[in-house]
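Chemist: Please build the complete structure, drawing on both the sequences and the hints.
Chains S and P supply the protein sequences, listed in that same order.
Just so we're on the same page, my numbering is the position in the first sequence counted from 1, plus 8.
Just so we're on the same page, my numbering is the position in the second sequence counted from 1, plus 97.
Where hints are given, some of them may not hold.
Among the chain S residues that face chain P by a calculated CB cut under 7 Å, a handful are [stated by the list, open to error]: (1) M9; (2) Y14; (3) D15; (4) S20; (5) P65; (6) T202; (7) N226; (8) G232.
Below, computed lysine-lysine pairings styled on DSS-like, alpha-carbon distance capped at 25 Å [unchecked claim]: (9) S/K234 x P/K273; (10) P/K383 x S/K193; (11) S/K234 x P/K242; (12) P/K641 x P/K616.
The hints are simulated quantities; they were obtained by calculation from the structure and are not laboratory data.
Note that CB positions come from ideal geometry on N, CA and C, so glycine has one too.
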Amino acid sequence: MFEELYDTPTESINIREGQLYVDASSWLHWYYLDFNTANRNFAEGGTSSAFVRYEIPTEALNHSANPTSTTSCAGIYTYWYDVFGTGLSNHEFRSFTPTTSQPEPASWHIAVHRNNVRTNGGAVHETSYTSMNDLPESSEAFAEATFTEDVWNELDVWTVQAQMLQGLIGNQGIKVNPILSSWLKVSIPPVPPTFTLNNHVFIIRMNDGTYAAVQLQNYQSPAGTKCCLTINYKYPY
Amino acid sequence: MTLGITISVSAQQQDSTYYLNDVVVTGTRTPKLLKDAPIQTRLITAADIEKVDATNVEDLLQQEMPGAEFSYAMNQKKHMNLCGFGGQGLLFLVDGERLAGETMDDVDFTRLNMANVERIEIVRGAASALYGSNAGGGVINIITKEQTTPWTLHLNGRLARHNERRYGGAYGVRGKWLQNTLNVNHTSTDNFNVHNAKNPSTQVVATVYGDRTWNIKDRLVFTPTEKLKLVGRAGFFYRELTRTADAPERYRDFNAGLRGFWDICKSDNLELSYSFDQYDKSDYYKIPHLDVRDYSNVQNTFRGVYNHHDWDTGNILTIGTDFMHDYLMNKNMGCLSESQNTFDAFIQYDWLINAQWELVSAVRYDYFSDHKGARFTPKVTARYQPIDNLNLRLGYGMGFRAPALKEKYYNFDMVGIWIIRGNPDLKSELSHNFNASADYTTGHYNLTIAAYYNDVRNKLATGVPHYQSNDNKQLYLDYTNLENYAIYGGDVTVQARWDNGLSTRLSYAYTNERLPKDKEGHTINNQYIPARRHSLTARVDWDKQFTRDYGLLLSLSGRFLSDVKNVEFIDYYDISQGTNTIHYPAYTLWKLSVTQRFGTACRLTCTADNLLNYKPKYYYFNSPMTDGINLMLGLSVDIDRLF
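Modeler: Structure, rendered in structure tokens:
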């Protein structure tokens, strides 16, 4: 009874031109995007996703490695987080498992993993715009802006959740873009985490000199699954 | 309406200090004076509720009932343990009606606010076998107030830490044939973070979730003749809790009912009722504006109870029957929705053998359409009154609980740890409850002693986590019937009230909950932390009316709960590491309140809760969720008394 009070979620995703959707909720995958493929899909009226999925290597390599927490080696860095105390900011390195490097497609611009984003040798500037329509005509308006490149990270790309209840999480050590990743912030406390969407428009400078403008519009699927990203974009910009 | 109650002249003349002349109905389903109730009943009155300044049943019971503990289950769902029984083993009723819906096996306690409550009757153990399934551990019956004056308008509010607010209003009117009471209550509390020390022994809470609730109830009573009374009611409850900012959880309840009482003649009366209760859970996704329901439990219940009172002998014959259609929709069930019909019939004979002896015997039959389960359960209780104001009671009751639909059909992936699976082949849980009690009142003093022993067979619970035979990756936790086990304990309450306005009560409860294992003797994954062995509640009140327009009530109350141990897995993701014994520490909490009465209409209450500023080192699931002293300020006004 009282069905009229409630909504029935639809699993169909309605995206318009200039918009992308990806279910990036998996802990174990990166989703790679080439904006040219996205444009081509729309031009051809295609509905297939422009994102390509690549698994994060978690299998331990045979040869031993014993880095400290600051060594930039490919692998899984297990950290203890004070999840039930002061939060994520309080953490301790516990162990390292060397793996093969992250595989990736031949051509890509950005890759997403839950709330994390990488660029392919690019750099990112966060604007104060909250609507794609209000952006200046071209990226030239941001010629003097500060762009931030990807930086090494072994704390945020949560990959292995086998000991999560003990506060232990295995993270992939990899370069991510801290500015673009701020479009979706995950906070602990509280537990479970709070997701906060930053609706600012970000300008991405690619390694080939082209620019893209992107904005995260939603991070939930119609059924409520988090890290299902609806992204507004303009490329080339 | 007499409802067949026996009130002798001598009884009316007795000391009413301890509410011994108050009427209780829960134990036998017939009205009895508390002092004459053949089944021991703990009565909490409206005056007690006012002293505790309780918002909901949790506030009240943990202060008034030793052996009652509220703790967290997974996801901060509230779990109540009353002397070793909890969740599906305790039956909560409002005016005798069951409540739909559960969260981790317990009813939604925030639904049970204390506004407009006349009294609460608590019957422990399966002495309450008349209520059948789910009543093996006891019955807690919340009884709302009747409108007794032409009109009343009561408004109240309370402010406290963490932006806690409580506002309520009750408007009642009474005419020759009709009376109506409308209640509206609103509460809200913010989320707040608590800090745990390093290296907790087990899971702890980092954020305590507040919530917002609305509770609206209307009750209409129509008395066309002296012999006929019709009661209609309707209610709506709403609760919102924000665990994730963009997807708050919502809980709604819709209830309605119609009940008729007919005094057929001086010795016979009949009660017929219909009750509807629907409890829904949904998530509201703010960005796409979608309110998606993932749980709904709907119960439609019909009841008939007939009483024959032999006025010459004082004996009472009670015959009753219930029919309930139970519907459950849960997105965590493989089949999404299930339903079943339940039917019961019972007969009870209350035999007043002589002035000293009374014997109540009853038998009940239950039938469940799902898998066609059926069961007879008997009970017998004797009351002996050798001298005035001394009552001795001895009873046996068979408790019974049929598997819930959830326990049969659940299929839930618990954050990657394991999949909790229902089991359609579950047997019913059975318990043999033996209880004895004595209460004695003399002058200013009252003493109550009670003891009980429960032998529980085929307890329904989740068992030992295991892998499928052909798969060593996915763990399963199946509902099962556990090995037999026992719960035993007792309690002692001493009360005193003097003419100078001073009163005190001290209650101690001992509970020995020997935790069950599975049929093969393996340690199971206990869903809930077991009962604490020792608990104590204490209260001292001083009430003084200085002038006609000014009175003062000082209340100091506290509770102490001993430590408790529980066997838990060292690593829930790798159960091969075995188990650990986790120690949960003891604690004590105290509360001081000062209530000033201005005239007969206004009351101003200032309370210091957690007076000793206790802060747990670790906020385990059974720790008190307090981060220090909490100052509260409350005001209540009876508008009708201002004129």
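Chemist: Each of the hints needs a verdict: does it hold here or not?
Modeler: Results for each hint:
1. M9: 6 Å, holds
2. Y14: 4 Å, holds
3. D15: 4 Å, holds
4. S20: 13 Å, violated
5. P65: Interface hint status for S/P65: violated (19 Å vs cutoff 7 Å).
6. T202: At 5 Å from the nearest chain P Cβ, S/T202 passes the 7 Å test, so the hint holds.
7. N226: 5 Å, holds
8. G232: Hint on S/G232: holds, closest Cβ of chain P at ~5 Å, below 7 Å.
9. S/K234 x P/K273: Roughly 59 Å separates the two Cα atoms, so the pair is violated.
10. P/K383 x S/K193: Judged against 25 Å, a Cα distance of about 17 Å means the pair holds.
11. S/K234 x P/K242: Violated, at about 46 Å.
12. P/K641 x P/K616: Violated, at roughly 59 Å.
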